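Peer 1: Line order of the protein sequences matches chains A and B.
Letter by letter, the first sequence follows residues 1 to 157 in the numbering used here.
Letter by letter, the second sequence follows residues 1 to 518 in the numbering used here.
Worth flagging that the hints you see were computed from the coordinates, not collected in a lab.
These figures come from a predicted structure and were not determined experimentally.
All C-beta atoms, glycine included, are put in the ideal place defined by N, C-alpha and C.
Each hint should be verified, as a subset may be incorrect.
What the simulated footprint calls covered on chain B by chain A, stretch by stretch (three residues with Cβ under 8 Å from a Cβ of chain A suffice, anywhere in the stretch; the number is not a length) [said to hold, decoys possible]:
hint	stretch
1	122-133
2	214-223
3	397-411
4	427-440
Far from chain A by the CB rule (all over 10 Å, computed), these chain B residues [said to hold, decoys possible]:
hint	residue
5	PRO168
6	LYS186
7	ASN235
8	HIS377
9	THR389
10	MET421
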Amino acid sequence: MTRAAATLSGVRVGVLAGALAGVLGLVVIVIGTFLPWLKSGSVTRNSYQAGGAMRRLLDVPGWLGAALTAWPFVGLACAGVVVLFAAGLVRPSAVLGLLLGAFAAAVSAGALAVRGSGLVAPEAPGPVVTVVGATALITASTVLLLLPQRPARRHRS
Amino acid sequence: MSQPPPPEQPGAPGWPSGEPQQPPAPYWPPPQPPQQPGAWPPPQQPGAWQPAQPGAWQPAQPGAWQPPQQPSGWHPQNSEPVWGPPPAEGGWDYLGGSPEAPKRGGRGKLIASLVAVVALAGGGVATYVAVSNSNSHHGAASPKAAVQAIVDDINKSDLVGVLDDLAPGERDAIATPLLNDIKELKRIRVLRPDADPTKVAAVKTSIKNLAFDADVTVNDHVQIIQLTGGTVSLNTDASKIPFTSGFVKTLFPSGAPTASRTSTVDIADAVRSNNGKPIRIATEKVGGRWYPSIFYTIADYAAVGSGAVGPTTADYVPAKGAASPVDAVKQLVNALVSGDIARAIELLSPDEMAAVHDYAGLIVKSAGSSYPAANVHIDDLQLTVKPTTGGAQLVTLNSVTVTTGTGDKIVVTVNGDCVDMTLPGQAPQHLCTSQIAAQLASQLERLGGQPLTPAQKQALTDLFGGETQGGIVTTQSGGQWYVNPVRTILDQSTGLLTGLKGNDVLELIGVFRTLSGH
């Protein structure tokens with residue numbers, strides 16, 4: 001095997017590994033968002049139910065309010081990452097994955113940082129699982145962005 | 001510019017016609033010779049390669065060799081074959097564009113398409129469920145379902161669910177101040193932050209087997225649900241209130257009550273003892289969905305209690321706001337001073353005070369004659385406005401000048417934490433919150449018979465020196481500004497708590513325990 005072929009093989013393995021880790025991260029993120037995030041009395045709420053309640057009950061201004069409004073579309077954004085990759089647009093897919101991972105990680109970390117009031121308290125499973133998925137997605141996206149580009153074509157001069 | 005020698009070509013000596021043994025793909029020679037002067041000239045000699053000549057090798061002809069259409073590995077992106085030698089070993093570099101995904105054959109494209117479709121379908125389903133979850137507490141399809149929903153949430157001790165079940169206008173008025181109060185109580189060490197919500201319900205309610213009588217329709221957006229049967233069990237246990245140990249020790253020095261008490265109410269018995277009148281719960285229709293309404297329930301009980309049948313369309317007073325928050329407050333003050341109740345109701349928020357607008361006629365009839373105009377005239381009212389939560393504006397007082405019926409003038413001016421007052425026949429007074437706190441402290445010391453500790457004096461100063469200045473909450477609806485009385489009152493309680501720090505509440509409790517002799 002030539003050195004060029006070996007490098008090409010390495011790139012392909014990297015793309016494959018990044019893709020698998022990314023898909024795993026996306027799936028874990030989506031699962032995490034449907035796990036418990038908030039407990040009130042004997043009722044637990046997933047991230048979407050908790051976010052909806054927050055929007056209705058509390059005045060959530062600024063970027064946090066915008067994040068709560070956008071949060072239900074995380075699943076669609078995850079699908080967008082996969083579609084871009086399947087279309088061969090690896091770099092745009094990785095960039096979207098990086099942004100999505102950072103967004104999910106920020107929201108989950110914020111939820112974990114919130115302290116309860118005794119009557120209403122945050123739940124750990126949802127945010128923890130989402131942070132794990134977001135970390136996997138960020139890592140995979142970074143690997144894909146750092147991989148060498150396709151080989152240059154030597155044009156006859 | 002030197003040119004490399006042309007590669008061997010089909011038709012040339014040493015290259016048999018038909019399929020080549022070693023196809024040079026992807027560096028397949030061009031079918032057209034270079035046109036540039038000085039470039040490699042096309043072979044013109046008979047017997048040499050001539051693309052257009054019959055019998056010679058033609059790339060597109062069946063049976064002749066053709067470059068592979070779907071190579072298994074990497075190949076150039078251009079459909080045009082590349083003219084040039086293969087890259088030398090180690091000749092990889094960066095082009096700066098996107099890394100290319102491996103090119104797929106027909107099967108690869110099919111798989112990629114399937115993956116994309118599955119991902120889109122999965123993402124779509126997840127988003128649909130997520131959006132549904134996000135709006136899951138968005139009212140009920142019927143008045144009975146709305147009441148049942150809040151009953152279910154009460155049974156689960158679900159505070160968030162109960163607040164979320166309320167009509168939107170009432171939810172905005174009550175939920176935010178209540179949740180802010182809980183946050184403040186945690187900050188000033190009254191509530192524990194680490195309590196388990198499933199175990200802290202001091203009052204556990206179990207409402208079962210509800211029986212309903214026929215609904216009463218008030219108008220197109222208000223219906224009364226009538227309860228005639230069922231049981232309500234209340235289990236109270238003060239030890240389960242998530243108070244901090246410091247708060248409990250201060251409040252109950254000899255030990256907090258721990259007894260758990262349970263009482264059960266039979267709704268049917270309660271109805272019988274109330275002359276057969278069912279328990280009435282009002283529901284409000286907003287945006288096509290039904291919600292239980294506290295304010296409509298209060299208004300309904302007030303109307304029933306006064307012997308009125310219920311509001312008619314003639315009793316409705318439509319909302320008619322003002323152009324600005326300051327104008328709304330000024331017009332409300334003038335309406336109240338002049339005894340114009342109808343105008344005052346017009347200026348109330350149609351979202352928060354929808355019940356008051358619907359029952360306005362009944363309110364005016366019952367209070368109008370006993371509410372004459374005040375014998376004062378407001379000469380000047382200076383207000384300022386500052387934004388508060390939820391897009392609302394807080395209108396606060398700068399100064400007011402009033403002329404009484406006897407012609408005396410009263411001037412009150414607010415300067416930060418201090419108030420300047422000019423009263424008839426008296427020297428101008430200057431009072432600050434710290435002075436008020438000091439005066440109160442000396443009064444309390446005299447009443448209690450012992451001096452207050454520095455911490456207790458500081459707690460009094462903090463109580464009156466809260467950063468949140470009192471004001472009137474106004475909100476915008478339909479481009480006009482209205483006054484929100486319920487939110488104004490509830491925000492004031494949060495404002496009081498905001499001023500307190502650390503153990504202030506415990507110190508204040510200590511002051512009042514001293515006064516009461518315990």
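Peer 1: Each hint should be assessed against the structure and marked as holding or not.
Peer 2: Consistency of the hints with the structure:
no.	hint	in the structure
1	122-133	holds (count 10)
2	214-223	violated (count 0)
3	397-411	violated (count 0)
4	427-440	violated (count 0)
5	PRO168	violated, 8 Å
6	LYS186	violated, 5 Å
7	ASN235	holds, 14 Å
8	HIS377	holds, 38 Å
9	THR389	violated, 4 Å
10	MET421	holds, 35 Å
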